[in-house]
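As given, the protein sequences belong to chains A and B, one line each in that order. Per the numbering used here: the first sequence = residues 9 to 401. Per the numbering used here: the second sequence = residues 9 to 401.
In short, the hints are calculated from the structure, not lab data. The structure displayed is predicted, hence computed values, not measured ones. Watch out, some of these pointers could steer you wrong.
As the list claims (entries may be wrong) - Reference listing, derived: stretches of chain B covered by chain A, where coverage requires no fewer than 3 residues with Cβ under 8 Å from a Cβ of chain A: (1) 140 to 148; (2) 266 to 278.
As the list claims (entries may be wrong) - No farther apart than 30 Å at their CA atoms in a straight line, the calculated lysine-lysine pairs in the DSS-like style are these: (3) B/Lys257 to A/Lys81; (4) A/Lys351 to A/Lys400; (5) B/Lys61 to A/Lys56; (6) A/Lys61 to B/Lys257; (7) B/Lys56 to A/Lys30; (8) A/Lys61 to B/Lys81; (9) B/Lys81 to A/Lys30; (10) B/Lys81 to A/Lys81; (11) A/Lys81 to A/Lys65; (12) A/Lys61 to B/Lys65; (13) A/Lys30 to B/Lys65; (14) B/Lys81 to A/Lys56; (15) A/Lys81 to B/Lys56; (16) A/Lys81 to A/Lys30.
We put the beta carbon where it would ideally sit given N, CA and C, even for glycine.
2 protein chains.
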Amino acid sequence: MNNLFSDRIADVPRSFIREILKTALQPNVISFAGGLPNRDLFPVEEIKAATVKVIDKEGRDVFQYGNSEGSVKLREYIAGRYRTRLGLDVAVDEILITNGSQQGLDLLGKVILNEGEGLVIEEPGYLGAIQAFSLYRPAFLPVPVSDAGMDTVRLSQALQQKPKLMYTVPNFQNPSGITYSDENRRAVAELLAKSGTVLIEDDPYGELRFSGEAKRSFKQYLPKQTVMLGSFSKTVVPGFRLGWIVAPKPLMDKLVIAKQAADLHTSHLPQAIIRQYLEDNDIDRHIAVIRDAYGRQCRAMLSAMERQFPAEVRHTHPEGGMFVWAELPEGLASLDLFELAVKENVVFVPGDPFYVNRTRTRTMRINFSCVDEATIGIGIERLGNAMRRMMKA
Amino acid sequence: MNNLFSDRIADVPRSFIREILKTALQPNVISFAGGLPNRDLFPVEEIKAATVKVIDKEGRDVFQYGNSEGSVKLREYIAGRYRTRLGLDVAVDEILITNGSQQGLDLLGKVILNEGEGLVIEEPGYLGAIQAFSLYRPAFLPVPVSDAGMDTVRLSQALQQKPKLMYTVPNFQNPSGITYSDENRRAVAELLAKSGTVLIEDDPYGELRFSGEAKRSFKQYLPKQTVMLGSFSKTVVPGFRLGWIVAPKPLMDKLVIAKQAADLHTSHLPQAIIRQYLEDNDIDRHIAVIRDAYGRQCRAMLSAMERQFPAEVRHTHPEGGMFVWAELPEGLASLDLFELAVKENVVFVPGDPFYVNRTRTRTMRINFSCVDEATIGIGIERLGNAMRRMMKA
Chain A
9 MNNLFSDRIA DVPRSFIREI LKTALQPNVI SFAGGLPNRD LFPVEEIKAA
59 TVKVIDKEGR DVFQYGNSEG SVKLREYIAG RYRTRLGLDV AVDEILITNG
109 SQQGLDLLGK VILNEGEGLV IEEPGYLGAI QAFSLYRPAF LPVPVSDAGM
159 DTVRLSQALQ QKPKLMYTVP NFQNPSGITY SDENRRAVAE LLAKSGTVLI
209 EDDPYGELRF SGEAKRSFKQ YLPKQTVMLG SFSKTVVPGF RLGWIVAPKP
259 LMDKLVIAKQ AADLHTSHLP QAIIRQYLED NDIDRHIAVI RDAYGRQCRA
309 MLSAMERQFP AEVRHTHPEG GMFVWAELPE GLASLDLFEL AVKENVVFVP
359 GDPFYVNRTR TRTMRINFSC VDEATIGIGI ERLGNAMRRM MKA
Chain B
9 MNNLFSDRIA DVPRSFIREI LKTALQPNVI SFAGGLPNRD LFPVEEIKAA
59 TVKVIDKEGR DVFQYGNSEG SVKLREYIAG RYRTRLGLDV AVDEILITNG
109 SQQGLDLLGK VILNEGEGLV IEEPGYLGAI QAFSLYRPAF LPVPVSDAGM
159 DTVRLSQALQ QKPKLMYTVP NFQNPSGITY SDENRRAVAE LLAKSGTVLI
209 EDDPYGELRF SGEAKRSFKQ YLPKQTVMLG SFSKTVVPGF RLGWIVAPKP
259 LMDKLVIAKQ AADLHTSHLP QAIIRQYLED NDIDRHIAVI RDAYGRQCRA
309 MLSAMERQFP AEVRHTHPEG GMFVWAELPE GLASLDLFEL AVKENVVFVP
359 GDPFYVNRTR TRTMRINFSC VDEATIGIGI ERLGNAMRRM MKA
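Looking at chain A on its own, in the form it has when it is part of the complex (with noise of 0.2 Å):
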């Protein structure tokens, strides 16, 4: 059967975390290796209430095949969201409800790549975005970012090669943590309005701060060549799998034929749902009981690893999202520490997988909205132990 498959699917692994995470569901291990929001923090009576109510009022409708584009009540939501958050004007019209902002990367890649064109990635980048993206073979072009943003000097060079596309979360990153400062958007707003290129900018945390000052979008900076991605997955619940693109007209007309190719439409319901739940209940005040408790389990975090991790590892300070990022000294491999850190009854996910074109790198991603300050102590301290036997060795 191998010799059915098609060139793009032949030698694309599993996914690596999926393989981890199922060491993570023993009984006895601290896992700090998902991605998932808090589940505790997750609504559930006020979206069955939304759901009752939405199958009363409108069940055969909503039960019935609907438009490619999605609700158009829930797009209308997300631009006035748009609006009073960031000060931004979206038509409805250029927005498409996608299946999570996962399918936004696919439908994308699925209309704009050609194989072998270049793609700017962030290094470390997003797994997803990577996996979606290598299905239509582009060029990977990977630029390092770190605390101030993306590094401005490698983009410039990556960019005289004319990538088609950039794919960016400047937010509180996926699997970094960091945030681009505004001045870091400005240049890399100002090099892209040169060279052309689409800039994706992936938002699935921006909500999520805890500290500091919230930044502007690179749609504010870049508006007829920003492309931004956004989900319900964080604020509200992921299994719904609710995204959304806002993409200009011409390319959005591409995007819904591909979306109608692809599945036809979002599943109804379910958009059903979050419009009435958004229209019967007060996100914000839920938004900062998420925030609030990210924020609480973040100083958590980065306080056990000052007093629990050699000092030679050195790790990012997330002011907002789920992840942290660490690094040990050069020479060290994070794949090496998973094995010992399985051992103590801890897990993460090491660094590879972020990465398009490295393996046995030094960092790590490590989450810290899924498990309670006090078990986050006890996880970090073992992680901490890990790491010492594993430089004394």
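Once you've looked at the hints, dock chain B against the given chain A.
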């Protein structure tokens, strides 16, 4: 922005049917153009009860991220139903839950088709399949279907090109309403066994047989080379976007990778609701209600056609499903008839979009699932008038 687009999307037009459906929304217009199940038959109260139960029992679980393959319990149900209904033995890990069977088409195209590789498609064929596969730029090999099934002479010619895939809807085909006979299935399977071509059996309407005898699945004739697509869209509700692929394990492994990259997984809540609905209700009784209604509507349509259509117009005699296919005398084009029919306040879908390489065809798809018997009589009378006006001119 035109330089932005990939070659695969640049030439694909917007859905033709979508444009037609806009006309159909005018009041006073009787529409035989849709491909929708009858919304009056949706089990709204039962689904509402299942929904409340599911949220109460497992709210946090169904709201969290889940696995890419889909709900284990739902896949167990699907495997069980293949066993009882068709005597087929399907393993749970050979089933992937998709966003309607439309996504099954996209994923199969993605993991199998390289540009220019051969794909046998029925002529006329399902528009959604043509759209989904088009994006992978195969060499389409159309093979005619008629009342008996697929033209096996033309099929063996097509197979000389060593196509990787063949796509079929052997029961109550969309758009033609025809069903492959058992003899035809056997003959097609024998040809494919020799060629090694993988057969996709898409069966959204299989349970909607209102006359004649059930036929065997291609999976029974060609077990190792058959991929089955299924859907809850026509038996429960379409707006949930819930379908599935059944594929041999090596192919399934690739499909799961593609599914992860496409959208991580299908929305959880609709999966859980359908599963609960199927557990708590007699689906066979519900399907019998749909079958009875569609059967009555189909008979009303066929008898109106006998009375109202000019004798030179031929049409199929479906034993199930939702569509009749009609053919004007040679020299006429159904697109011209469409313009006359709009003036008579009746619409259908002209045949052109169901062919990969033909225009100004004399065929048309006429839907009977969404219109009551009395209205069918009036609509077919109007269509007959338009035909006569056209043939006189």
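Status of each hint after checking the structure:
1. 140 to 148: Three-residue rule met by the stretch 140 to 148 of chain B, so holds; n is 4.
2. 266 to 278: holds (count 12)
3. B/Lys257 to A/Lys81: Violated. B/Lys257 to A/Lys81 sits at ~41 Å, over the 30 Å cutoff.
4. A/Lys351 to A/Lys400: Status holds; Cα separation ~16 Å.
5. B/Lys61 to A/Lys56: Judged against 30 Å, a Cα distance of about 10 Å means the pair holds.
6. A/Lys61 to B/Lys257: Cα-Cα ~42 Å, so violated.
7. B/Lys56 to A/Lys30: Answer violated: B/Lys56 to A/Lys30 is near 34 Å, above 30 Å.
8. A/Lys61 to B/Lys81: Holds - the C-alpha atoms of B/Lys81 and A/Lys61 are around 27 Å apart, at most 30 Å.
9. B/Lys81 to A/Lys30: Satisfied, since the Cα-Cα distance of roughly 19 Å is no more than 30 Å.
10. B/Lys81 to A/Lys81: Violated. B/Lys81 to A/Lys81 sits at ~33 Å, over the 30 Å cutoff.
11. A/Lys81 to A/Lys65: Holds, at about 15 Å.
12. A/Lys61 to B/Lys65: With a Cα-Cα distance of about 19 Å, the restraint between A/Lys61 and B/Lys65 holds, given a limit of 30 Å.
13. A/Lys30 to B/Lys65: holds, 24 Å
14. B/Lys81 to A/Lys56: holds, 22 Å
15. A/Lys81 to B/Lys56: holds, 22 Å
16. A/Lys81 to A/Lys30: violated, 39 Å
Violated hints, in rising order: 3, 6, 7, 10 and 16; the structure is consistent with all others.
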